[in-house]
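Work out the full structure, taking the sequences as your base and the hints as a guide.
Positions in the sequence shown are counted from 1; adding 655 to them yields my numbering.
Treat the hints with caution; some may be incorrect.
As the list claims (entries may be wrong) - Label pairs and their in silico Cβ distance ranges:
1. Lys826 with Leu791: 37 to 45 Å
2. Met656 with Asn754: 35 to 43 Å
3. Gln790 with Arg836: 41 to 49 Å
4. Glu690 with Gln825: 32 to 40 Å
5. Asn811 with Met835: 17 to 25 Å
6. Gln825 with Gln790: 40 to 48 Å
As the list claims (entries may be wrong) - Listed below are the simulated SDA-like cross-link pairs for lysine to any residue, each with C-alpha atoms no more than 25 Å apart in a straight line:
7. Lys670 with Tyr695
8. Lys774 with Gln828
9. Lys772 with Ala821
10. Lys670 with Pro741
11. Lys726 with Asn754
Derived from the structure by calculation, the hints contain no laboratory data. Just so it is clear, CB atoms sit at the ideal spot from N, CA and C, and this is done for glycine as well.
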Amino acid sequence: MLDLFYYGHPVLRSKGRRIEKITPSIERLAEQMVEAMYEYDGCGLAAQQIGSSLQLAVIDVVVAMKERPSKAWMNGKQIDLECLSPMVLVNPEIIPVGNQTDYDDEACLSIPEVRAKIKRPTRIKLRYQSLDGEQLELEAEGLLARAAMHEVDHLNGILFIDHLSAHELQKFQPILHQLMRENSVR
Numbered sequence: 656m657l658d659l660f661y662y663g664h665p666v667l668r669s670k671g672r673r674i675e676k677i678t679p680s681i682e683r684l685a686e687q688m689v690e691a692m693y694e695y696d697g698c699g700l701a702a703q704q705i706g707s708s709l710q711l712a713v714i715d716v717v718v719a720m721k722e723r724p725s726k727a728w729m730n731g732k733q734i735d736l737e738c739l740s741p742m743v744l745v746n747p748e749i750i751p752v753g754n755q756t757d758y759d760d761e762a763c764l765s766i767p768e769v770r771a772k773i774k775r776p777t778r779i780k781l782r783y784q785s786l787d788g789e790q791l792e793l794e795a796e797g798l799l800a801r802a803a804m805h806e807v808d809h810l811n812g813i814l815f816i817d818h819l820s821a822h823e824l825q826k827f828q829p830i831l832h833q834l835m836r837e838n839s840v841r
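So this is what it looks like as structure tokens:
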């Protein structure tokens with residue numbers, strides 16, 4: 656199984672390189688990332704979290720949808736997320752749809768013991784390439800939209816705690832300082 660990189664490691668702050676060609680090694684990495692996501696009990700995983708600075712992420716929110724609903728549409732038609740999952744996102748882009756936002760809980764496999772309410776758009780357009788090289792676009796809301804925004808942030812070196820105010824972040828400082836000591840590269 657792939658090792659997980661934790662808060663404090665510089666790879667988590669790196670912007671991923673665009674994937675110009677889907678190679679067998681990219682396909683293998685995506686497969687390993689899906690396995691790692693399930694093994695670590697997450698609903699998403701970005702390449703940076705396993706030490707690769709690439710524009711590659713995986714998402715599967717199906718299990719969590721009982722408590723946190725999700726919907727997605729492709730070409731205006733609602734799609735079954737079970738048929739779509741796990742999703743492999745190559746070079747993904749997020750475009751907010753409308754002006755509505757909400758606060759909801761987020762956590763991160765790379766920042767254990769930290770959970771906070773983060774404000775994000777409620778509905779997004781997600782553009783990405785599949786492992787088959789197909790350019791796809793879907794609209795999403797609920798947990799799928801939130802997970803996609805969280806993972807795309809990772810691909811750009813942004814962590815969910817970066818969305819917190821200084822005051823909100825203050826309560827997590829002991830955990831963050833400990834992780835920084837354990838995981839920073841000297």
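Hint check:
Look at Lys826 against Leu791: about 39 Å separates their beta carbons, and that is inside 37 to 45 Å. Checked against the hint of 35 to 43 Å, the pair Met656 and Asn754 passes, with Cβ atoms roughly 41 Å apart. Checked against the hint of 41 to 49 Å, the C-beta distance between Gln790 and Arg836 comes to roughly 43 Å, which is consistent with it. Under the hint 32 to 40 Å, the C-beta atoms of Glu690 and Gln825, about 36 Å apart, fit the expected range.
Checked against the hint of 17 to 25 Å, the pair Asn811 and Met835 passes, with Cβ atoms roughly 20 Å apart. The hinted window of 40 to 48 Å between Gln825 and Gln790 holds, with their beta carbons roughly 43 Å apart. Under the criterion of a C-alpha separation no larger than 25 Å, the hint pairing Lys670 with Tyr695 is consistent with the structure, at around 23 Å. Straight-line distance between C-alpha atoms of Lys774 and Gln828 comes to about 20 Å, which keeps the hinted pair within the 25 Å bound.
Our distance criterion of 25 Å between C-alpha atoms is met by Lys772 and Ala821, whose separation comes to about 14 Å. Distance check on the hinted pair: Lys670 and Pro741 sit about 23 Å apart at the alpha-carbon level, within 25 Å; holds. Only pairs whose Cα atoms come within 25 Å are accepted, and Lys726 paired with Asn754 is accepted, the gap being roughly 18 Å.
Hint compliance for this structure: every hint is met.
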